[in-house]
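Chains A and B, in that order, give the protein sequences. Under my numbering, think of the first position of the first sequence as 174, with each following residue one higher. Under my numbering, think of the first position of the second sequence as 11, with each following residue one higher.
Hints are computed from structural coordinates only; laboratory data are not their basis. We put the beta carbon where it would ideally sit given N, CA and C, even for glycine. Do not take every clue at face value.
[Said to hold, decoys possible] The calculated label-pair distances, taken between Cβ atoms and stated as ranges, are:
1) Ala239/A to Val80/B: 17 to 23 Å
2) Thr118/B to Ala184/A: 40 to 46 Å
3) Pro204/A to Ala14/B: 48 to 54 Å
4) Gly203/A to Val85/B: 31 to 37 Å
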Amino acid sequence: MSALLSGAVLAALGCYAVASILVLVRLVRGPRAQDRVFALDLLYCCAMLVTLVLGIRYQSDVYYEAALLIALFSFVSSSGLAKFILRGEVIE
Amino acid sequence: MSAAVPLWVEGVVAALLVLSGVFVVIAAIGFSFLRDFFQRMHPPALAYTFGNWCVTLASIVYFSTREERVAAHPVLITVTLAMTVPVTTVLLARVTLFRRRMANAPGTPLPMTSSHRSTEGME
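Just chain A, with the same shape it has in the complex:
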């Protein structure tokens, strides 16, 4: 792996870290529950992108499956939480 690619990987991971911190601030500050759920969804997205980039960094295919699982968990948790806020129960 050349210095160009490893530098780009580092830059992308740094960008994701900054984005995660900004989203985390929103998750802590609120102000309402729906903001927190959306922030959690965006944090899941950041984690998924980090996993994909690490897959390129360590040249392994396994990371892709982990990223797919994180994407699915993100959908399940966020839509479940949104449904709970809307109705008071997840499955009616």
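Given chain A, work out where chain B should sit, using these hints.
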């Protein structure tokens, strides 16, 4: 089976990765600093579409070159996000609308009443 990746391919991959990072940071800044929830809903779409597409394309280009076969499976992640993210977003928008109606917040649109539809012969 792993071939050496030429420098220009690594350049393309590096550019896509940096672009994705920039898009995600823009999305996070918008999400963190806009004032209203309905304004904050929109910037994350950048992370879910452009940010994700760039990383997926970089992954496809890199692994296809390295393993000398078409490694297009990361497209599945893009497809998954394209199917699931609108559902979550619309659900959260409905949550916000519902809660503001319950709280009688000013400026909240009222639900469509039957008088709107009766002119079209719906009822």
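Against the structure, the hints come out as follows:
no. : hint                             : result
1   : Ala239/A to Val80/B: 17 to 23 Å  : holds (22 Å)
2   : Thr118/B to Ala184/A: 40 to 46 Å : holds (42 Å)
3   : Pro204/A to Ala14/B: 48 to 54 Å  : holds (53 Å)
4   : Gly203/A to Val85/B: 31 to 37 Å  : holds (36 Å)
Checked against the numbered hints given earlier, this structure breaks none of them.
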